[in-house]
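K.L.:
Sequence:
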Amino acid sequence: MNIESADVIRLIEQFLKEHNLHSTLEALQTETGISLNTVDNTVSFKDDIVKGNWDAVLASVEQAHVPQAKRIDLYEQIITELADLHDISPARALLRQTEPMELMRSAQPDRYLRLEQLLSRTSFDSARSPQHTARNESRRLKIAEQLLAEVCTAPASRLLTLLGHSIKWQQLQGILSPNVPYDLFFGRAQMIAPAEDKAPCKLLTTIKFPKNQCPNSLAFSPDGAYLATGSADGFIELWNPTTGKIADELKYQADGALMMMEDAVTALAFSDNGEMICSGAKDGKLKVWRSKTGSCAKRFPAAHSQGVTCLAFSRDHSQILSGGHDNVLRIHGLKSAKMLKELRGHSASVTSAIFSEDMANIISTSDDGSVRIWDTSTTNCIHTVVPDSDKHGLSAPATHSALAIPGSPSEFVVCTKSPSIYILAMDGSVRKSITVDKKSCNEFLTAAVTPHGKHILAVSDMSILHCIDITSGNVDIVSNKIPNNDVIGIACHPVLNIAAFFSNDRRVPIWTA
Numbered sequence: 011m012n013i014e015s016a017d018v019i020r021l022i023e024q025f026l027k028e029h030n031l032h033s034t035l036e037a038l039q040t041e042t043g044i045s046l047n048t049v050d051n052t053v054s055f056k057d058d059i060v061k062g063n064w065d066a067v068l069a070s071v072e073q074a075h076v077p078q079a080k081r082i083d084l085y086e087q088i089i090t091e092l093a094d095l096h097d098i099s100p101a102r103a104l105l106r107q108t109e110p111m112e113l114m115r116s117a118q119p120d121r122y123l124r125l126e127q128l129l130s131r132t133s134f135d136s137a138r139s140p141q142h143t144a145r146n147e148s149r150r151l152k153i154a155e156q157l158l159a160e161v162c163t164a165p166a167s168r169l170l171t172l173l174g175h176s177i178k179w180q181q182l183q184g185i186l187s188p189n190v191p192y193d194l195f196f197g198r199a200q201m202i203a204p205a206e207d208k209a210p211c212k213l214l215t216t217i218k219f220p221k222n223q224c225p226n227s228l229a230f231s232p233d234g235a236y237l238a239t240g241s242a243d244g245f246i247e248l249w250n251p252t253t254g255k256i257a258d259e260l261k262y263q264a265d266g267a268l269m270m271m272e273d274a275v276t277a278l279a280f281s282d283n284g285e286m287i288c289s290g291a292k293d294g295k296l297k298v299w300r301s302k303t304g305s306c307a308k309r310f311p312a313a314h315s316q317g318v319t320c321l322a323f324s325r326d327h328s329q330i331l332s333g334g335h336d337n338v339l340r341i342h343g344l345k346s347a348k349m350l351k352e353l354r355g356h357s358a359s360v361t362s363a364i365f366s367e368d369m370a371n372i373i374s375t376s377d378d379g380s381v382r383i384w385d386t387s388t389t390n391c392i393h394t395v396v397p398d399s400d401k402h403g404l405s406a407p408a409t410h411s412a413l414a415i416p417g418s419p420s421e422f423v424v425c426t427k428s429p430s431i432y433i434l435a436m437d438g439s440v441r442k443s444i445t446v447d448k449k450s451c452n453e454f455l456t457a458a459v460t461p462h463g464k465h466i467l468a469v470s471d472m473s474i475l476h477c478i479d480i481t482s483g484n485v486d487i488v489s490n491k492i493p494n495n496d497v498i499g500i501a502c503h504p505v506l507n508i509a510a511f512f513s514n515d516r517r518v519p520i521w522t523a
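Numbering-wise (the working numbering), the sequence shown opens with residue 11 and increments by one.
Treat the hints loosely; a few may be bogus.
[Claimed, not checked] Straight-line distance between alpha carbons at most 35 Å, and here's what the computed DSBU-like set of lysine-lysine pairs gives:
1) K448 with K212
2) K178 with K152
3) K152 with K27
4) K218 with K491
5) K292 with K491
6) K351 with K448
7) K218 with K449
8) K345 with K302
9) K212 with K491
10) K427 with K449
11) K261 with K348
No lab work stands behind these hints, which were simulated from the structure alone. Just so it is clear, the structure is predicted and the values come from calculations on it, not from any experiment.
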């Protein structure tokens, strides 16, 4: 279906007319040579002519493309009737100051002169004969028929109506969310205004799972519109993070056709553009889904020999990094649906893995207590770090939560199953070590970095949330305890000061600052 550019211009012209932007409308009609050529209502337009409501008639004709000959007939009739009513001043203004009458004076001087003589009379016959009245009505009816042949009517607000239909269709297809403000000009959801980094400290809402079910993983979409959860029964669901309600504007979720794995969903990750979700399961399988439609785009039935523990998309969305309980990291190609590279070296389960910002390196943590930095292209391990190895010796605590720091591509955060958190450089050096008081933490269970990279949010085994300043190392303890025991994971909203927690509990508390 081709859309004519002239039709688009007319839609804009109608919008300008309805919003009283007459100068802009005139300029657009002049520049394009395309006239709107419509009246609001043809029945009312004809009625106004027949009844002699000339103000309304002139306003309508002014916006329509009517041949000058028919405009001249209209203006002549109006001037004649004004003269009959002794209303000489407006009649003279129409005769001497309007374009149709100027054309009459040039092309039909005798006709113009008769009107001048009519307005120059010093006396008028005020008595109207029935024949005179009938003649006027006949002329009005003839003019009405002539003008109606030149104009048409269109439904009001066509531009806004069509845009509304387009948005509604996209919502029904799951392309747009009705719960997220939409920027019509840029064609995307309105960007949420970023907030200054603060520690979430109070309950915003709670997502509740059915009895005997619990989440095993969660992740925020890059725009913050959705919180994805993966459950023990294999379902992947998208939620509104501010209301805790299922995102039923996504048609497939409203229809109950949920994304699903064959086993418990143990890892989730969104692509940077939010269009895809990768899910990893306890049985070692991976699936890649289209987030707007819920359809499966790719399957990796043997990604790992044991359960998947972590996932990350490459920046160009062409590859997926995964780690598992089989101690191995693998890179999978989305186009080929095959494993591209394998990274071996850890002696225990991989607990987290991320790409560096420039994609040159991969950082991984493991239950073996080490942090490994890999060369992405060669898959060689270029640095192996055991934080505070001189303190712990051979009994180094497991490392987990390798976290990128926004705005600081050369550094990253690593959390350990101890009261210590570390900031490391890409060369493997420990830039900073932060240890908290054992009154609030025997060991950290999970951690995340706030959207602007100013704080680390770390949850201890006492369900206490610690807010650690990355620059100064200062630690603030949030007074409210997380209602869940043995928190497994935390995810930070990409823009707002919101964090979601999950554990072996059917509740997912979402906190805000």
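K.L.:
Hint by hint, note whether the structure agrees.
P.N.:
Okay, the hints, checked on the actual structure:
no.	hint	verdict
1	K448 with K212	holds (23 Å)
2	K178 with K152	violated (45 Å)
3	K152 with K27	holds (27 Å)
4	K218 with K491	holds (19 Å)
5	K292 with K491	holds (30 Å)
6	K351 with K448	violated (41 Å)
7	K218 with K449	holds (31 Å)
8	K345 with K302	holds (20 Å)
9	K212 with K491	holds (9 Å)
10	K427 with K449	holds (15 Å)
11	K261 with K348	holds (30 Å)
Of the numbered hints given earlier, the model fails hints 2 and 6; all others are met.
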